[in-house]
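Chemist: Quick note, the sequences are listed as chains A and B, same order. Going by full-length UniProt numbering, the first residue of the first sequence is number 1, and it counts up by one from there. Going by full-length UniProt numbering, the first residue of the second sequence is number 1, and it counts up by one from there.
Simulated from the structure, these hints should not be mistaken for laboratory data. Bear in mind the structure is a predicted one, so any value in this text is a computation, not a measurement. Accuracy of the hints is not assured; some may be wrong.
[Unchecked claim] Pairwise CB distance ranges (calculated):
#1 A:Tyr411 - B:Thr363: 50 to 60 angstroms
#2 A:Glu84 - B:Pro121: 42 to 52 angstroms
#3 A:Glu84 - B:Phe11: 21 to 31 angstroms
#4 A:Arg128 - B:Thr10: 47 to 57 angstroms
#5 A:Tyr411 - B:His156: 53 to 63 angstroms
#6 A:Ile359 - B:Arg96: 27 to 37 angstroms
#7 A:Gly481 - B:Lys93: 32 to 42 angstroms
#8 B:His156 - A:Arg67: 24 to 34 angstroms
#9 B:Gly118 - A:His63: 47 to 57 angstroms
#10 B:His156 - A:Arg372: 41 to 51 angstroms
[Stated by the list, open to error] Covered stretches of chain A, going by a simulated chain B footprint (3 or more residues, C-beta under 8 angstroms):
#11 138-146
#12 258-272
#13 462-476
#14 493-506
Cβ atoms here follow ideal geometry from the backbone N, Cα and C, with glycine treated the same way.
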Amino acid sequence: MKLAYWMYAGPAHIGTLRVASSFKNVHAIMHAPLGDDYFNVMRSMLERERDFTPVTASIVDRHVLARGSQEKVVDNITKKDKQEHPDLIVLTPTCTSSILQEDLQNFVNRASMSSDSDVILADVNHYRVNELQAADRTLEQVVRYYLEKAHRQGNLNLSLTEKPSANIIGIFTLGFHNQHDCRELKRLLQDLGIMINQIIPEGGFVENLHELPKAWFNLVPYREVGLMTALYLEKEFGMPYISTTPMGVVDIANCIRQIQKQVNIWSPILLGKKFDFEPYIDEQTRFISQAAWFSRSIDCQNLTGKKAVVFGDATHAASITKILACEMGIRVSCTGTYCKHDEEWFKEQVQNFCDEILITDDHTEVGDMIARIEPSAIFGTQMERHIGKRLDIPCGVISSPVHIQNFPLGYRPFLGYEGTNQIADLVYNSFTLGMEDHLLEIFGGHDTKEVITKSLSTDTDLTWNSESQLELNKIPGFVRGKIKRNTEKFARQNNITKITVEVMYAAKEDLSA
Amino acid sequence: MSIKISETLTFECETGNYHTFCPISCVAWLYQKIEDSFFLVVGTKTCGYFLQNALGVMIFAEPRYAMAELEEGDISAQLNDYEELKRLCVQIKKDRNPSVIIWIGTCTTEIIKMDLEGMAPKLENEIEIPIVVARANGLDYAFTQGEDTVLAAMAHRCPEQKTEIEKKIDDKSIQELFSFLPLKTKEKSNKSFTFKNKFPLVLFGSLPSTVASQLSLELKRQSIHVSGWLPAQRYTDLPTLGDKVYVCGVNPFLSRTATTLMRRRKCKLIGAPFPIGPDGTRAWIEKICSVFNIETQGLEEREQQVWESLKNYLNLVRGKSVFFMGDNLLEISLARFLIRCGMIVYEIGIPYMDKRYQAAELTLLQETCKKMCIPMPRIVEKPDNYNQIQRMRELQPDLAITGMAHANPLEARGINTKWSVEFTFAQIHGFTNAKDVLELVTRPLRRNNNLENLGWTNLIKIQKR
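Using the sequences provided together with the hints, build the complete structure.
Modeler: Shown next as structure tokens:
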């Protein structure tokens, strides 16, 4: 047992649901007790989804506990098949159902006989993997299922596309700025003259998955989700993959160079020419992206040597650390990730760019570390933002888990050349701005005059009796002043001089009339 | 599908495939209500992630609740439950020193049959902090019923009413028992008031303290003294209970608590409609008064006056139709109030319907329908959200009161929605707060009145496939 107030990564089934509901026309059925379908709330609220989240629950209740699910799961699957005609139904176990140890695979087998949809059982262990690992696993499972199916049916198309093309793997719902990143990646590949073969899982149809091997290579922008799929495709079909995250000017160039290497394996044979992306990299770096120029500009000088702390998922924390350290000259005192399963890779990535490394999923440990280091700015998740608030340290949010404000409507990619601009803005705005910082130091603060009274009106002839005073103190601080003013206004209008609890409520009622 | 609207109340029961919050969400408001408590939810990551996401910002205010997160070793019984819980509770005691620790049992503890009730008394003795066990799990309960399980468990901890004190209510010794009132108030109210209820009255249901004192005040106007609340602001102030004590509920989802109070604590239950809306509040007070043989004073005028002040809102809602998808058990009372406001209710979805505990409320609903000449709505227990959405498509209600999972998709399809959870967190009880209910109900209507002329109510594409 572990005493826990907060967690960075959710339970496994959330990962499975995120992948399933990112595909088009795929329905997930959870084998879960009432109330476990809060994933629908998250998706509907955070992503502001217009469509009903294609996730329902086959409810586990007392009866199920006593007698087993029996026909219930099968019925729910076939019912959903009739109602919505999905291409695929993913039966998703939850932590509750996994300890019931029912033979869900048997339900799946039976249901798939009577329904037109394909039915699979998500193969994740709830007590061993977290949300991100489960998402990675489920995506691989779905891809494998459809490629094996195509192989059996003999309609697997292994010929490469005429022009160079790529699959983008790992863009999905509730991902940190994923939609924007996806658009930016598409633009990047288009600029390079590379077609997009498929983007999975977001917006993809499972019926098209058998065409995945037609691409020349796979691009996996995030460490957390997609690598397993890419590895599978490499092993089965010899498809190369690129897993360098194109975040920050240096890594974008690295990523593009790897793409160049990949396309140049086939293009001399198929197209009779070789690609050279160096002029493109140079042009973008020096003139299109503003980030390289920004770090040269005198503004950025003020950031030199300032201390920062970075924490987040492996992809974002590693990339941001590298950007801060090599592209902006900021001193990263500590960098860390909650992706404990990816510890080795993470350490290797950030080793020379920071003073210390913290691998933990305990937010109190992160809080203590920040309090000890006292950086000028934090780059982390929403949790670090709150730690920052408490310690009065500014924080830029760079990774999940996030709130609704991190699903912006405006275009805010983190990847690609536009991403470098966004990151530069984020970093710059997070530190106290240069001159302001100096002036504060010299003159010792903005406003040293102490506030004598918080209320706007000076004391009046009105008296509050002790009971009403007590009642007033019960009202939450942020509305107390308003209630006090309204009550006094009401009292004055009605020539009341002594304010009692009754008067307070009368004033509240009067307000509506 | 044809939709019949019948003359009598009809009860239906569907598949139970509906969206609601897990009952462990009750810790969100109960830990704030009971100031000296600590809630320990014994469950898995799934429970923790729910609390973290559903309760949003509150989690960062150093809440007095935490997860005892079960790991693989706990599930397979490689670890000793008792020792593990002891370790965590000792830590909680050290860090927070609460007056009570409330263990919330979850689905997982049910399935692995962790004997929380058996362990609690033993551990209680060992660490010298009361431990209350409530099984608020999704296998048995929905959303607000979580509070019901906690209060029912707490009812066992209320001190026993001593039998000799049934003489007079303004007796000094009795006054000591009413320790929930500040000392000065006690003396003052004693001097200026004589209460007419011969027996103590305890109200049950967790309300924000301002709302609780508003309701107490309404009863005081009728010379009825409220001798305590379950729960009180502090665990140490739980009211005394006994066979001379009358109890009355303020919320429709408290049927287990009511049963426990009657059967185990021998209290007398006053079955009344719930004080939601001015009509409900009046009926609630009238019922309590009638039990104590007290004639009500100026209650009708008071109700009238409240209706008068709601005029602007009533003009907005009159004739509009509502569809309750159902998820928090407040539905019957809210529907009854909205019908009285002149709205038409097509369907009242509700997770669970206790016809005995809600009897008075159901009667009032029926009377209200007759009075307003409006067909009786259908009451759908354990609704099926998919079917409901089909029905809604046909009925096109002016307002759907629904959970957050469906709100945005319905809005995109041109149906106005109001999140049902807001009714659980807003102040909706008593005369004073009738306005707040209508404020909530009319918000989507008012918002959409402003946007109406823009011509983009439907915001979804026709599916290609």
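Chemist: Against which earlier hints does the structure fall short, listed by number upward?
Modeler: 9, 11 and 12
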